[in-house]
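> Sequence:
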Amino acid sequence: MIPDMTPPPALRVDLNSDGARGDVRTPGWENWAPKAGTSATQTFGKLTVTLRAQDGFSVGWWKAGYDTGATLTSDGVMVKGAGKLELAFSGLTPGKHTLVTYHNRLESEPAGQLRLGDLAVIPTVRTLDDQDAATGFVTLVADRDGKATVTLEGTNLILNGFALDAENPQRQPKKPFPVNGDEHAPENPTLRWTPAEGAVKQTLLVGTSPTNLKPVREDARQLAASSERFSTTRFWRVDTTFADGKTVKGQVWSYKTRHLAFPGAEGYGRFAIGGRGGRVYEVTNLDDSGPGSLREAVEASGPRTVVFRTGGTITLKSRLIIRNPYLTVAGETAPGDGICIRGASFGNLGTHDTIIRYVRVRVGDESGKTYDGMGFAGSDHCIIDHCSISWTIDESVSSRGAQNVTLQRCLISEALNMSVHDHYVGTGKGHSFAASISGKIGSFHHNLLTHCAGRNFSLAGGLTQGGKFAGYLDIRNNVVYNWQHRTNDGGVKALNLVNNYYLPGPATKVFHLLKPDSGSPTDPQQYFVAGNTLVGYPDANTVAMPPECRLSAPFCDSFVTTQSAEDAFANVLADVGCRLPRYDSVDTRALNDVKSRSTSYKGSKTGFPGIIDSQSDVGGWPTLAAGEPPQDTDHDGIPDRWEQAHKLNPRRASDASQESGDGYSWLEKYLHSLTKLLQGT
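Under this note's numbering, think of the first position of the sequence shown as 2, with each following residue one higher.
Each hint can be trusted.
Derived pair list, reagent style SDA-like, types lysine to any residue, alpha-carbon separation capped at 20 Å:
| no. | residue 1 | residue 2 |
| --- | --- | --- |
| 1 | Lys603 | Leu504 |
| 2 | Lys175 | Arg235 |
| 3 | Lys648 | His636 |
Derived by calculation from the structure, the hints in this document are not laboratory data.
Please take these sequences and the hints and turn them into a complete structure.
What follows is the structure, encoded as structure tokens:
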């Protein structure tokens, strides 16, 4: 999210129940997690704030509120029974200050009014929107020592947060569209908001700086996208005039317009920003860490694009986790035979706006650890494209807790079965699993899953904070070959399973498309199943499920160019996995097995055809040539020859981050040129 750019000196503080959890924090606000007791103190710059309750206070939360994004008012400080809660400030500038307080009960029972000085406030009860919560608005007078105190009195007090030196939110508009801080707003959005009650006049102001906004006609709410879409944040506010003649400034809101991650990006992760306009990191060696390593670039912060100056295999000593947002990993730039990651997982965790393309992740069992392959756990607006994933100990792909993600044109093969998984060693049970997926919404299209015994796909929707079924998935145009005992199973809140091609192989023992969980009558899981092919089983789309679980139409648009299942079979085999700079022997073998409906190897422990137990069953990692990178004098990620051909300066690194005229930077334009022939764009 774009940080809240409301000008200082306003201080906004969200009182949290757990300081370690990111999903309870309010973006743009200070987040304070006081410990239960009679007193708690926190410092914000030069200002110190103390909470005091003679009989003690507790800290609580209402988990279901987080499901709707009500992070401010779904937790807070509580005083049970009749009591008082003091909010004391020191370090203020002497004189008058305003204070906004937020009061939304976390229990379902309503409470009586509370008093904030001379003001009476009736708390709301479990509101699903922070902007609908009850608020108090009072004036404080700081003494010459910069101190002031306000006291809340009442029964079963609740304080969710406060804002110092802010305007009265009841006299400001609310609920803007685009949502404040949205970095993926539609182009040319029509600005909308809910006016303040009692408004007689509204003035709309817009601009590219939060402190330099210009008024426009209120009927000019549709704003044309900036020509520099990737770099320009648009700011706006609505000032309100009331019958008493007073004009109250609105909060400054902001947004950026969305743009495709790259030509050919589809599904709900298609607007991932990646490292657009940021720094370039060159991977110059195959080390696990240190200068010039992939880990150095991945673990850096800020917008950044990773280009490779060498091909070969990177052997990891531990997981390589993307936690910091705005990253592009451009595996298509690797010379020689391309890049491969060996020994541990590589993927997203609790981040947003990442793009990973043309990378191989072949984990293996050498570490003895239960590593998965790639994924999007807890991440938002991310896309993985044209990657190859194999020899994982846990599932090859995971996306539990994700939102707005896409896995497209990836080749998942040979997840290890009777291997070193810490839950299964010595049990006689295998764990050759392709993927456990969720999302809101997760798009999984045009992928090839081959030689994985189960979870092709596992629907791992899980539960929301409020205990409702979660997970919204669109699975279409995938090809699955030679599974053993599991295809699609598990449960999500809603699923589209459309035009996929399932081809049984020598190891296949079960012949159904979907084995769904039904949920409960009050919270049913829902499924749309159509157009799929399970070779040899023409009735495969007829899936047994309760009537309330069956959808007659897709629950969402796919934003994917969709073929019939038969056409998708040919389409996927022609363009899947890490094709750049060329396929390695592992992917070549996997593709040939599908085309010939055969297997090249069998598990060394189980003897299952195609379902292997160790990478050594198939000869291990192929040797990848390092290759020779193209000359890049200014180290901006763009070769000199390409810069010269496009009238750029090969000695001026700043060219790479500049706008090219169509919303992409020049570096992105170069990256797209590498994939243009493959993508047909």
